[in-house]
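Chain by chain, the residues run as shown.
Protein chains: 2
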Amino acid sequence: MTAAVSPFAPEAFPDLCPIAGIEVAVTACGLRYQGRDDFVSIRVNSENPTIAAVFTSNSLVGEPVKWSRKRLPTSPRHLLIAAGNANVFTGTRGWQVLEETASDIATREGITPDSVYFAMTGVIGEAFAAKPLLDGLGQCVYAAPDTALWQRAAKAIMTTDTFPKGTTYTAYIGDTEVSIVGIAKGSGMVAPDMATMLAFLFTDAAIPQPLLQEMLAHAMTNSFNSISVDSDTSTSDSVMCIATGTQNCTIAESADDALYADFRGALERACADLAWQVVSDGEGVTRIMHIEVSGAETAGQAKQAALSIANSPLVKTALSGADANWGRVIMAVGKSGVCLDPAQVSVRFGDHLLAENGSVCDFDIALVDEYVQESLVHIHVTLGAGTESACVYGNDLSYDYIRINADYRS
Amino acid sequence: MTAAVSPFAPEAFPDLCPIAGIEVAVTACGLRYQGRDDFVSIRVNSENPTIAAVFTSNSLVGEPVKWSRKRLPTSPRHLLIAAGNANVFTGTRGWQVLEETASDIATREGITPDSVYFAMTGVIGEAFAAKPLLDGLGQCVYAAPDTALWQRAAKAIMTTDTFPKGTTYTAYIGDTEVSIVGIAKGSGMVAPDMATMLAFLFTDAAIPQPLLQEMLAHAMTNSFNSISVDSDTSTSDSVMCIATGTQNCTIAESADDALYADFRGALERACADLAWQVVSDGEGVTRIMHIEVSGAETAGQAKQAALSIANSPLVKTALSGADANWGRVIMAVGKSGVCLDPAQVSVRFGDHLLAENGSVCDFDIALVDEYVQESLVHIHVTLGAGTESACVYGNDLSYDYIRINADYRS
Numbered sequence: 009m010t011a012a013v014s015p016f017a018p019e020a021f022p023d024l025c026p027i028a029g030i031e032v033a034v035t036a037c038g039l040r041y042q043g044r045d046d047f048v049s050i051r052v053n054s055e056n057p058t059i060a061a062v063f064t065s066n067s068l069v070g071e072p073v074k075w076s077r078k079r080l081p082t083s084p085r086h087l088l089i090a091a092g093n094a095n096v097f098t099g100t101r102g103w104q105v106l107e108e109t110a111s112d113i114a115t116r117e118g119i120t121p122d123s124v125y126f127a128m129t130g131v132i133g134e135a136f137a138a139k140p141l142l143d144g145l146g147q148c149v150y151a152a153p154d155t156a157l158w159q160r161a162a163k164a165i166m167t168t169d170t171f172p173k174g175t176t177y178t179a180y181i182g183d184t185e186v187s188i189v190g191i192a193k194g195s196g197m198v199a200p201d202m203a204t205m206l207a208f209l210f211t212d213a214a215i216p217q218p219l220l221q222e223m224l225a226h227a228m229t230n231s232f233n234s235i236s237v238d239s240d241t242s243t244s245d246s247v248m249c250i251a252t253g254t255q256n257c258t259i260a261e262s263a264d265d266a267l268y269a270d271f272r273g274a275l276e277r278a279c280a281d282l283a284w285q286v287v288s289d290g291e292g293v294t295r296i297m298h299i300e301v302s303g304a305e306t307a308g309q310a311k312q313a314a315l316s317i318a319n320s321p322l323v324k325t326a327l328s329g330a331d332a333n334w335g336r337v338i339m340a341v342g343k344s345g346v347c348l349d350p351a352q353v354s355v356r357f358g359d360h361l362l363a364e365n366g367s368v369c370d371f372d373i374a375l376v377d378e379y380v381q382e383s384l385v386h387i388h389v390t391l392g393a394g395t396e397s398a399c400v401y402g403n404d405l406s407y408d409y410i411r412i413n414a415d416y417r418s
Numbered sequence: 009m010t011a012a013v014s015p016f017a018p019e020a021f022p023d024l025c026p027i028a029g030i031e032v033a034v035t036a037c038g039l040r041y042q043g044r045d046d047f048v049s050i051r052v053n054s055e056n057p058t059i060a061a062v063f064t065s066n067s068l069v070g071e072p073v074k075w076s077r078k079r080l081p082t083s084p085r086h087l088l089i090a091a092g093n094a095n096v097f098t099g100t101r102g103w104q105v106l107e108e109t110a111s112d113i114a115t116r117e118g119i120t121p122d123s124v125y126f127a128m129t130g131v132i133g134e135a136f137a138a139k140p141l142l143d144g145l146g147q148c149v150y151a152a153p154d155t156a157l158w159q160r161a162a163k164a165i166m167t168t169d170t171f172p173k174g175t176t177y178t179a180y181i182g183d184t185e186v187s188i189v190g191i192a193k194g195s196g197m198v199a200p201d202m203a204t205m206l207a208f209l210f211t212d213a214a215i216p217q218p219l220l221q222e223m224l225a226h227a228m229t230n231s232f233n234s235i236s237v238d239s240d241t242s243t244s245d246s247v248m249c250i251a252t253g254t255q256n257c258t259i260a261e262s263a264d265d266a267l268y269a270d271f272r273g274a275l276e277r278a279c280a281d282l283a284w285q286v287v288s289d290g291e292g293v294t295r296i297m298h299i300e301v302s303g304a305e306t307a308g309q310a311k312q313a314a315l316s317i318a319n320s321p322l323v324k325t326a327l328s329g330a331d332a333n334w335g336r337v338i339m340a341v342g343k344s345g346v347c348l349d350p351a352q353v354s355v356r357f358g359d360h361l362l363a364e365n366g367s368v369c370d371f372d373i374a375l376v377d378e379y380v381q382e383s384l385v386h387i388h389v390t391l392g393a394g395t396e397s398a399c400v401y402g403n404d405l406s407y408d409y410i411r412i413n414a415d416y417r418s
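Keeping their order, the protein sequence lines are chains U and Z. The first sequence begins at 9 in my numbering and counts up one residue at a time. The second sequence begins at 9 in my numbering and counts up one residue at a time.
This is chain U alone, in the form it adopts within the complex (with noise of 0.2 Å):
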């Protein structure tokens, strides 16, 4: 079952440059896929690494998840990702798959097992043995990544995605030009507080563990915490910065701290990207709503009302039949149980004003109903009870993602 390409997809992959200390090696493992990439290994060879990782909210999480939570905040030698299995309720058998890997990969590397990260992602609740990773390892040829590589490894981490994702920034902390570079895979069981979702992100830049964690925890606002494709939220979400810190860097006391305002800029925009590309790339995705909630008591208000639109089956559907269907908009709006004035809440879609003061606008419904074909359709709920607001992405509910579901596992 091959997926059309998501029409939001990019041109081209971004031209992604090497991270000094980051080796990388792309192979076929069979973990699930046939004939296909799916495991990436990645050597961190500087001296000393720092990583930061932010996980899902799930309280079911996978193998991977608890295995890297526990190695937190431990300096990183080697990141391994597969995709095919998500390694979760796989119980003890699941957790000596990692035990017999991360165990093999200390030795090939002369390193501690305890230095090793997992991320997996793919099906859930299916035991299987250490082999394919074994045998994963056993073919691995590691090379700085050029564009063409970290493209292949992109690749390799899709499951449903239409298209590998990769991001790239560069920033200054002091007179230190340094490099951040980014990979991520979406694309269902996306939601806020994480999802299905992987992204790694490497710099060269020299960060203190501490600071780098506060930096990227700070980052998930706005990208990956900001954008729902489902409402569900997967057991294997991770997010993980690794900082090689090849770069002779300043080294500030604070995450605050002035000398770091344009790499956290940059970290920003680097996992904004990436979300963006993941929502862009939702499973059957067509048209892709950004919706704007202002008026509100607190920012965490306007961000709830915000995602029950993004998240509400109805406004998803008639998003995908270009129904401007505004009404449904505040049906959600009203069923997200935030503070609001009913006699002062709006509505508009793009520059269409299309309910005010609690009350239906006249309007050229023929304008708001072409307006609706666009791609993008930005939508603007204001509350009336303060002046606190919040963004965030969602998509349509099209034929294709249930095509796309009904039978994954399958």
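In case anyone wonders, no lab produced these hints; they're calculated from the structure. Among the hints, a few may not be true.
Because identical chains share one entry, a pair is satisfied inside a single copy or across any pair of copies.
As the list claims (entries may be wrong) - Cross-link-like lysine to any residue pairs, in silico, SDA-like; alpha carbons within 25 Å at most:
1) K139 with G366
2) K78 with S367
3) K139 with I259
4) K139 with S367
5) K74 with K139
6) K74 with G366
7) K78 with Q42
8) K139 with C369
9) K78 with A393
10) K74 with G345
11) K74 with R116
12) K74 with P218
13) K74 with E222
We have chain U; now place chain Z onto it with these hints.
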């Protein structure tokens, strides 16, 4: 656009008796639909009728909900139900339509406008004039409802429903036998805490308003508040119960009194029966799931986890494809945020134990795949956190749900 009838439609509409004190007129007022009944006008002409009502939890409600909430607990003399336009977000114009209509009813019937109740369903945010409603009233011919007339009323209030919904029970209050008759409509925007769901129950029992209100509210828990079609909560949901009091009943002081035990049970069964009909006629339904969550810390948490399963797009699409993808059930439980012990979680589909103590079991997938072909699939999850449990009904997410909702407005 005509949807096929739900595979769960009953073979025939049930036999419903008249309720003394209730007269019904059904007609086509052309509010939105053409060539079909859409208007149900109900006279209450007994001596001291009482009414109980429960409304949507959505904070942006339609004018009819505002109107009827405001009238409660005034003794009801008239109930008007119209389909095609929900009269939501129509502002002062929508309110004025109700005032004009109530005033017209008051003049025709020799009652006060305050004793008129309204319920409307249909599109949100489209203003309209009172004329169709007034025209409808002019056409009304009232009669004591026999089965055929109840069925015609149940059909007239349908929107995307594929079959009319009716139910009846009898009960004893002391030595007096009383009847309960109910009609309802679904069938999208249906989620707990009510839905685009209208239900009207009528009984000839004499029950003081506060007691009737308490019994109706209690009856919601295991009926309308335990079903979810699509997680969306309508702005118009209303359940009303009118007691004409034509049967002389002993009156107790409390709704909990043993005198009412049989009646309470019958009211609960009537609500549960209508709720079942609503979920079994959910938009695009091809398969239903009965979800039981046990081992929860509280009943509320059990229901929260059960609803997280019922509302998960990934669980619903798997059900649609008859895919025994129980890993998605795990995901949905984990994302629900309820207390659980991962090492004690188990999952059953019917009699098939799929996971136990937090890990996948050895089972014959062919048998489970065969089981999920059934039209009613039982899903049982234990959380290992306590002794409370809850059940909910949900349905699948099919192509037809999208077909129906991608252009409902047009």
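- Item | Index of numbered hints that the structure contradicts, given in increasing order | Going through the list in order, the structure violates hints 3 and 7 and respects the others.
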